[in-house]
Amino acid sequence: MDVFVPRTLDEALEIKAARPDAVPIAGGTDLMVELNLNRRRPRALLDVSRLAELRRCGREDGAVFLGAGVSYTRVIAELPECVPLAQASRAVGSPQIRNRGTVGGNLGTASPAGDALPVLAAYDAEIVVATRDGARALPWAQFLVGPKQTALPPDGLILGARWRIARGPGSFSKVGTRNAMVIAIASLCLVLDEEQRAVRVALGSVGPTVLRAPDAEAYAAEAMARAGTWDDPAALPAPREIEEWAQRVAGAARPIDDVRGTAAYRRHACAALARRALRWALEDRRAGGRA
Amino acid sequence: MSVRTLPVTRGGIGESVPRVDAVPKAKGTFLFASDLWAEDMLWGFTVRSPHPHARIRSIDVSGALAHPGVRAVLLAGDVPGRKTYGLEFADQPVLAWDRVRYAGEPVAIGAAEDPETARRAGERIVVDYEVLPAVTDMAQALRADAPRVHDFGNVLRHVHIVHGDPDAPADVWVEGYYETAVQDQAPLGPEAGLAIPAPDGGVDLYVATQWLHVDRQQIAPCLGLPAHKVRLHLAGVGGAFGAREDLSMQIHASLLALRTGRPVKIAYGREESFLGHVHRHPARIWMRHGARRDGTLVCVRARILVDGGAYASSSAAVIGNASTFACGPYEVPNALVDGTAVYTHNPPCGAMRGFGAVQVCFAHEAQMDRLARALGRDPVELRLRNALRTSSVLPTGQVVRGSAPVAAVIRRCAALPLPPEAPPAGRGDPRAYPGGCGNVSRGERLRRGVGFAVGYKNIAYSEGFDDASAARVRLRADAAGPIAEVRSAAAEVGQGIHTILAQIARTELGVERVAILPPDTGVGSAGSTSASRQTMMSGGAVQAACAAVREALFARVRRSLARPRGELRLAGGLVLLDGEPVGPIAAFLDEPVEAERVYHHRPTRPLDARGQGEPHAAFAFAAERAVVEVDEELGLVRVVQIAAAQDVGRALHPQSVQGQIEGGTAQGLGLALMEELQLRDGRIRNASFTDYLIPTIADMPPVVSALVEEPEPGAPYGAKGVGEPATIVATAAIVAALRDATGRELNRVPVRPDDLAGLAPPVAPVAPPPPPPQGSGPEPVPWAHGLATGQHELLQEPAHEGAGEDPRPWERTRGGTGS
Ligand SMILES: Cc1cc2nc3c(=O)[nH]c(=O)nc-3n(C[C@H](O)[C@H](O)[C@H](O)COP(=O)(O)OP(=O)(O)OC[C@H]3O[C@@H](n4cnc5c(N)ncnc54)[C@H](O)[C@@H]3O)c2cc1C
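Residue numbers (the numbering used here), protein chains in the order written: chain E, 1 to 291; chain W, 292 to 1110.
Here chain W stands alone, though its shape is the one from the complex (with noise of 0.2 angstroms):
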């Protein structure tokens, strides 16, 4: 019997292969979109309004004009196109002219030979503003006295979800009250971009995003040309976490290039990103739960508020999320969800990780414990009890269909191991104690707490979006052998989605070598890297598209192949017939072999006007366990373990996954205990990195994570995203514990060491939780004007079989199609 080495292909699937950009990325050679250059090019930049809400009397430019190096200055009037643009409805000026909505929206451009006098040329502009009185707390929006944001009112979007019966009756009802504040994405890379003029009267714009087809489908009408002349280039992302799916210099770059001729350049700094950019939707929540003595959930009430802000981002999908999120991953059997989103004067909010989940999963986890100490129940058992399951049904009547180990994530957490005890008071290393380098404790006042949190998000776009992803794939030889060229338009935004597509066309052409080509809106929409999706849609993508170049080289095999019968298999660069080697791929390659495959996830339906459907595709779990550390005589905190349990479908790369966990912590704690953007009067007051804290490697913990692996059905090879999860439900474990160690209340993140302290009391809120607005909802108050923009155009192909010819989904509620 011969012994005989089955052929593999390395670097695959399930193994945590080098990142491909890890070596440029660890040397400072990858070229971030702040470092883009072009011969002759200029420096633009942006003027924008000091006034939360103002009328704009007039602009004189002649002084930046007379400025010399000065090459343009451009107004609202010379935007060729349309005026305003969305990622879901157009509502926000490309630069504004009668009034401006928010302090920081962009007034006027302009283009100078270099930024020092892009700097001083803006200094120059003059606007004469009429300062309007500005409605800038959120429930005071739906005022009726309150100054409208919009001619069509402060409502953007209202879902009220009715499930079972609200008014059941319970033993135990615990009632709170929650409130979040704005965080911010913070990417260390700035908002940047270089916009090239072409021959053809188009642009070429290399920048910074999450989704390169939709961008340029706001950017292109705005330019007054046809998609097919504004190409977008990915440039180097540094972080995206939700930013870079609006628009922020995009435009204005384009704009500058068209009406110079040359290349211009638009960098933001530091401040001006904090501008730039949207951010987390602060919340008020107010949550009651009834259960039965016996810990089971009977009923849920939530009404929720989130402030979108001047200009409605992706506010109607995020407030969509928090509504269908509110009651946790548990078998709620009776609910009433009332959620808002309202414009006011306030800096615009929209995607950041977690999207929606994050703030309602702080108050259902909050309310899990209060439940559990009314009941004298453990607070783990409690969600154990109560959890979600395939086949369970939720509050908007979605059953679940993919696969939902809540279970499973809540033991594998509740497992791990715990950290050893505090260190015994004395002079040790300051850094073992709350308040770290700052030298404030030998130990003093030191009081441990462990929380646990449990929280769920969708995974890809939901209420009737088709976003699915296209992805070619081309098989060739050259003199080293068979390569695979993959080109998809998947913005890589550092979590690793190049390396992830490589190694699936590794595992399915059975080649090594794999060339990832830059992406740009060259080939068919990817769809945005949000909504933890990328692995699954443009994964599935790459699979399929693997899969067809597969079986158009199996048929040329055949061809070429006396015994045309049998099983063929690709593996380590050859062809295998029934496991025998019948020759190397690259012998079956004299021509190349390409495909291009579309991959769309489950349809999902949008809800109904009692926030009944089935808005979601697939679903992602998962459990966080913080032990902490609290001086509670100084307030400060030290997070001294973070224990992670996650539902992955299954880890196509698990380094990535564990790093995916860490960094979504890492954004939690930061929301949990110092990321707050704090405005006043509609004015940011701390856009830099000095007063905007995100936690540094001395605030992380060491994170233990386990990947639960149940492969979710119909997705590629099971996996699913991982991004998002962490965020979720690190900020809520977080504050459990502190409650654990302090006994107290702590309603509202981040908590401040005055909380901690006992120097404040808990947030109370203002007034009763405002009444749903009158007659509007489920569809956004800007759908129904007519607004519908960016990706309700972008993905209006037809999306599925019987979805009808116009799939826009609050449309399709309303024709009553269904799916």
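Isolated chain E (complex conformation) (with noise of 0.2 angstroms):
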């Protein structure tokens, strides 16, 4: 097995172009354990854990940038203002995963369950991905195409995902039968847009990829107009049209059943996630936009 170790992101990219068989690694938490399982016997591997250009993360006219490299630590050191994600990265496995694993592996692995891309899809993310040639923004539906599917070319990197910034409440939830360093059965990311007056929630762990409910979102947005909530935060949906918006999140999931839970459980926790995310925002919103 060769391994390159590139200095520069451009030396990595002429690498990955002659050498698309070679395999990136940035914290390896996906990777080594497939190695070890022996599921995977890749014929080279490129280190990316030491490309500075992974390695940004902050704001940038008017977007956030978070490279591929940046661990869930310092994610949860330096965007404390993305609460929804600063979430999911406390939500993800222990605190020597969190220092190694990177959002952009949690995109390359593309699981169905991985903790970072709910709040990706709820930001209407872009990932950025770059060859040779240059780079390129996908919409992150287009890059998360299958249950660990990208549409990551061979000769590409995923240098990071970029989003606006959006003001107003939001916030990730994961369900597991362990309090801690577990697999999704089921999860959400809500995020309320204030400027757009939209609602978006993401789903993960309940189908082959992460899933937006549009209907869902719609129908919330629209509550909370007719109720005047976006103008006054003291002005609340009904209890019965938080229920609807819940059932419809519910009914957007596509679960299965497996080892580690029911489709029936999957369904019924997207619902309940469903109703206390919202109740929450709005809470958050009352008690003055603090999120």
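Take the hints with a grain of salt, since some may be wrong.
The following label-pair restraints were derived from C-beta to C-beta distances [unchecked claim]:
| # | chain 1 | residue 1 | chain 2 | residue 2 | range |
| --- | --- | --- | --- | --- | --- |
| 1 | W | Gln1087 | E | Ala264 | 33 to 39 angstroms |
| 2 | W | Arg664 | E | Arg164 | 27 to 33 angstroms |
| 3 | W | Glu407 | E | Thr8 | 43 to 49 angstroms |
| 4 | E | Val259 | W | Lys316 | 31 to 37 angstroms |
| 5 | E | Arg7 | W | Gly813 | 42 to 48 angstroms |
| 6 | W | Ala989 | E | Arg164 | 52 to 58 angstroms |
| 7 | W | Lys316 | E | Asp215 | 53 to 59 angstroms |
| 8 | E | Asp10 | W | Ala989 | 39 to 45 angstroms |
| 9 | W | Ala989 | E | Gln247 | 53 to 59 angstroms |
| 10 | W | Ala713 | E | Glu222 | 32 to 38 angstroms |
Reference listing, derived: stretches of chain W covered by chain E, where coverage requires no fewer than 3 residues with Cβ under 8 angstroms from a Cβ of chain E [claimed, not checked]:
| # | segment |
| --- | --- |
| 11 | 572 to 578 |
| 12 | 680 to 687 |
| 13 | 922 to 929 |
| 14 | 960 to 969 |
| 15 | 1033 to 1046 |
Heads up, incomplete: computed chain W residues facing chain E, CB under 10 angstroms, no partners named [stated by the list, open to error]:
| # | residue |
| --- | --- |
| 16 | Arg410 |
| 17 | Arg415 |
| 18 | Gly560 |
| 19 | Glu562 |
| 20 | Arg583 |
| 21 | Arg718 |
| 22 | Pro721 |
| 23 | Cys728 |
| 24 | Gly729 |
| 25 | Asn977 |
Simulated from the structure, these hints should not be mistaken for lab results.
Just so it is clear, CB atoms sit at the ideal spot from N, CA and C, and this is done for glycine as well.
Build the complex: two chains, separate frames, hints provided.
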């Protein structure tokens, strides 16, 4: 097995162009497990963990850019204002995994249970991908094309994710049968976008890939508009409307039975998480937009 | 009057001294079995059956042998000695030949120059299987038309206990059905060992095990070697919990080493570890409890079914325990218990912490709560009213002779302070709510519940086994003073026996320097590190050996003293005569003093056809109270607090005892809430730590514990074993608390979120309880077929005075010699 250790992004992209079979390795918390379990035997590894270009993180022209190589520990420390992302990062694995694991790796693996992914979906993020010929941004849904499948070209690397900064509360929650270090049975990210008066919700672990619930989103945004909630945080949609929203979110799930949980429970959990997340967001707006 | 400071020996019994292995383990320098390495060693690998039941048509090893770096591939035909082995019964092939009986059964082994080559070589061995119908349901296994796992049928053992009049009338009856899933011991250290061929044609095997001598007893015949040519040495053990009682890679590595003439290491990965050791028996239990209006128990009827899987392992003893402990630590004047262990084509089940008592405790404690509800009585008071005590008669007719502070354990536990009220709902730290780090709650739909459970189990082996322990102690002096060397084959598996043995030597010999020599088969058997027995058994052996050394030393002292009368004592490195120092111990050690002693526990007697006998040597009791919070919508749980009171006889190392209570509780919590090895059609679906979940620190509540110290007569310092009781009661207490919080029936563990959220109904039996199998019991069926090996052979030295020529337990019953 060859191991390439490029010092710059350009060098890395040159290598990737010459050796498309070289598998990128960042924190290794997914890849090394695959290797150890004998599920994969790549001919070559390409270490992207030292590329400064992938370690950038912060605000750039009204957007947030999160480099592919930024660890969850750094997300928690450096992007606290991105509340759902920080909450998702805290929900990942253990301190050791959060120190090594990266959002780029979560995207690269593209598991429907990846905890950062519902957040990126609810942010309507773009995934920035580069090849030797240049970089381009793909909407998240065009990047995450299926279970463990991405639109990353064989000679490409993930540079990071970028999303417009939206004002408004939001949260990330994940359900598992253990109180830490657990793969989600169901997860949900909710974002309220005050400027666009939009509600965005994404679900993890309840379908072949991360799912949005557009019907529920539209319903909730309208219910909030009807109630005047967008202008007056104290004016709340009716409980019946919150319930309808929760059922519509659950209706968007496409869950299966597996060793981790049943489809029935997953759907049930989606409704519960949706109900809670919207109530929390409404509570937080009333409390002064603290989120 | 002069002030005199009495010499004291530091680090003796009763002190929570630092563990002898604490620093290397904390620093990461401790070598576990998987770290073993030898110059020029090969890496062994195992090819396992993917089918639960199949005939082997042919095995083609040519592809593997042609692979560069492969040094050997062996099949059943290459086993030079006995082709089968077993802890109690030799019904398990070293390597399968005509058929495989569970998915994961070894069919071929090999050795290669490096682990990667070994892995690849294994993939190149082609086995042609004819898949056969399998029986993977324990009730189905009892049907006449079920596929037979062994030629002699699917009944492994049936235990029938009749006590008093099981038809006695009662004022109130309650009835329940309970299921427990397959739990795994999940030791963090996977199975590993290193076999080194010796110039004498024998083998030195370094291995992580729980009982060196019983391993050798099984290995040597298969290798076709006399026992003395098979030398076992304990390697660093990364947890055991019963999983290392049966052999895993021992014979395989030895065969490969002898064949290749090179050291061979086998270290399982995590997935193979789940396939390569036995698990906790899943159980189905039907129970009926009858009581008088005033709460006095009148009668218990229990039908217990456990799935032993494809091979016997210790199933016979496990069903013995499940049956004899089915009525709980209560006085039950009338009882009828029928317990059956069956063979199926599931992976074998065997020993795990709690050993049969866990499953029945879950059931009998749920029954006690039902009874309390039916009678309108307080569940703690109901338990107190019926609590066993010394001189109580058990359903087996056995009279409780040792200490039995059941009422004290219940009272002490109930009196421990409760945790503060639930935090107010709001944006607190999500870890304060069920769901923890997943951030699912601000306190919605939160319900608190409290549950209580009491349980008990035997210490040391039962039903006629004389699992004695030997130890050798040598007292010598060097430039630094006196030092005691303790040689014992007791396996240190992380529980702390080495620290205890050193403490005992200090207390007995008055020296502070103690060396624990590496455990191996060069000294007599210490018996198994299981059944909560080593502190009592090997502690007893070291205490007795020290006493013999001390007497020999005193004889020397007396010879050299002018004033030979008076009481001699050893303390603080000094010899004292009537409390006055007469000189340093080292001054009398020009020659070392050495003694070896064997400790036996109180003899036990096997069960007869009506389940009567004196099966157990001693008992340990525990009570736990669990406080839980349930998110009743999401079905998630936070255990808020565990209060534990345990009967420990005497705490030789209080911190270790507390550690065992906490660790045991964690394992019980795991069974209550998450630990289940999921089987489908005989195959394990979650053989990884990704999907076999064990509790993390975020799942474990604080444990407040009370140690109840009523010395056990005849045991060293009165100490009882402490490793298992907490595991037995924790599951039952936590589920009781979940019932209290939700009002749901919850009759199966682990309890799943679906159960708590009301998405799944309670489990119902698919069929009525199966009738007791005809004509079997109490002896295990493989016994009758001449398969007794392992423990039975090793422990066949005449056990006790009057035990007769052949102390093998069931033979003794038959011969009617009893004791
Ligand atoms: C014990 C444990 C617990 C875990 N818990 C969680 C959890 O709670 N939630 C969760 O979501 N995940 C969890 N994971 C999975 C894992 O930690 C995450 O998916 C993490 O985000 C992976 O990041 P990494 O940097 O380690 O990826 P790596 O393992 O280095 O890479 C993962 C994949 O992404 C590709 N890749 C990485 N970087 C790039 C790049 N720049 N360009 C192109 N491809 C790239 C790699 O080729 C590989 O295919 C856990 C893993 C372990 C071992």
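Structure-based check of each hint:
1. W/Gln1087 - E/Ala264: 33 to 39 angstroms: The hint (33 to 39 angstroms, Cβ to Cβ) is violated, given that W/Gln1087 and E/Ala264 are roughly 55 angstroms apart.
2. W/Arg664 - E/Arg164: 27 to 33 angstroms: 58 angstroms, violated
3. W/Glu407 - E/Thr8: 43 to 49 angstroms: Given a distance of about 32 angstroms, which is not inside 43 to 49 angstroms, the answer is violated.
4. E/Val259 - W/Lys316: 31 to 37 angstroms: 33 angstroms, holds
5. E/Arg7 - W/Gly813: 42 to 48 angstroms: Because 57 angstroms falls outside the window, the suggested range is violated.
6. W/Ala989 - E/Arg164: 52 to 58 angstroms: Violated: the Cβ-Cβ distance is about 34 angstroms, outside 52 to 58 angstroms.
7. W/Lys316 - E/Asp215: 53 to 59 angstroms: This hint holds: roughly 56 angstroms between Cβ atoms.
8. E/Asp10 - W/Ala989: 39 to 45 angstroms: 43 angstroms, holds
9. W/Ala989 - E/Gln247: 53 to 59 angstroms: The hinted range 53 to 59 angstroms is violated for W/Ala989 and E/Gln247, with Cβ atoms some 31 angstroms apart.
10. W/Ala713 - E/Glu222: 32 to 38 angstroms: 37 angstroms, holds
11. 572 to 578: Violated, because only 0 residues of the segment 572 to 578 of chain W bring their Cβ atoms closer than 8 angstroms to Cβ atoms of chain E.
12. 680 to 687: violated (count 0)
13. 922 to 929: holds (count 5)
14. 960 to 969: Answer holds; 3 residues pass the 8 angstroms Cβ test.
15. 1033 to 1046: holds (count 3)
16. Arg410: 6 angstroms, holds
17. Arg415: 14 angstroms, violated
18. Gly560: 7 angstroms, holds
19. Glu562: 7 angstroms, holds
20. Arg583: 42 angstroms, violated
21. Arg718: Holds, because the Cβ-Cβ distance from W/Arg718 to chain E comes to roughly 8 angstroms (cut-off 10 angstroms).
22. Pro721: Interface hint status for W/Pro721: holds (8 angstroms vs cutoff 10 angstroms).
23. Cys728: With a closest approach of 4 angstroms, the W/Cys728 hint holds.
24. Gly729: 4 angstroms, holds
25. Asn977: Holds, because the Cβ-Cβ distance from W/Asn977 to chain E comes to roughly 5 angstroms (cut-off 10 angstroms).
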